[in-house]
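J.: Produce the entire structure from the sequences given, and follow the hints as far as they go.
Here the numbering used here is used: the first residue of the sequence shown is 53, the next is one more, and so on.
If you are wondering where the hints come from, they were derived from the structure by calculation, not from laboratory data. Don't take every hint at face value.
Between beta-carbon pairs, the in silico distance windows are [as the list claims (entries may be wrong)]: (1) 106 with 322: 43 to 51 angstroms; (2) 328 with 306: 21 to 29 angstroms; (3) 161 with 343: 36 to 44 angstroms.
Ideal Cβ placement from N, Cα and C applies to all residues, glycine included.
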Amino acid sequence: MIPVSIFGGAGLTGRELLTWLRHHPEARPVFVTSDQHAGATVEQVFPEISEFPDLKFSRHSDPCPSDSVAFLATPNKTSMELVPELLAKGLRVIDLSGSFRIPDKDLFEEYYGLQHSAFSTMDQAVYGMPELFRDQIKDARFISNPGCYPTGSILPLYLLGERRSQIRQVIIDAKSGVSGAGGRTEDSGFAFQNVYENFRAYKVLKHQHTPEIQIYSLAGMQRFRSPEEAGDAPSLVFTPHLLPIYRGILSSIVVEWKENAPADLDHELKAATAGESFLRFLDTPEQVELRRVQHTNFVDFGIRTLGNITIIVSAIDNLVKGAAGQAIQNMNIMCGLDETAGLLDR
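T.: This is the structure we're talking about:
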């Protein structure tokens, strides 16, 4: 049995990790932290999680088992402090914060508004998107788990393969449930009374996931930060919106081609998903909907093309494939397990 440590276990993502690990056949939480709930059992904080009756919350500063796989469901600053320390102790680490996703210090600090205090650790990080970097994940000791919006956008764009060089522009219109903001946001705009029967855009042209989407969905192309720097690389515009629901992300990805869209693009994408356990290519974009993916680790998407425009609609659960589920998928690969272990039945 693989011992698991979860830092930040009382937040939304930590709770999701505990929920999914309840029935994992090869892994079990042995250490979980929350400074707020230190000393309380997991069941006292989350009554629906009764499978770990003796597991109590510790403090972040308490020593964790050195043979465990450590999940960090912590704020960015906390991850910057913990990751180097845990790696130095020999633990395998999967960080679910955004601290180690962007391999450009200036770009990170610009979009996150934080000084990166552990950037020297970046060269050890593998971007944890199995469908892109499965071979690297197998041998990794440190995984930077992708963001929720990037997961729903990068995967369908990356599947375009060499066709990406024919793209002029990508516009992503994404809508997320409020859990994407985390459990302790101080922004009153995410409070129930301000979300219910409402719908709005937020962080327009300045969302921190924008460079992550640029870097990995346009892999192999020139990375850019502005149209002036882009040269011949396709431009990318990303606008997130807040849905009055708890979980799920639906993204409409508009691809403008330099010339007419490639013929048989739907067949190419369908072939590209063959053998991928968690990618589901649907017959039409209208079939893609949140209720098909909520509480699952699946990514659903469908496409339609007209002239030089292709629209890809994708859907994920932001707390599962966009966070905890993908992290467990990465752990499975790191530990030599079946990639789907613990993720098909909940």
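J.: A separate judgement is required for each hint: does it hold in the structure or not?
T.: Structure-based check of all given hints:
no. : hint                             : verdict
1   : 106 with 322: 43 to 51 angstroms : holds, 47 angstroms
2   : 328 with 306: 21 to 29 angstroms : holds, 24 angstroms
3   : 161 with 343: 36 to 44 angstroms : holds, 38 angstroms
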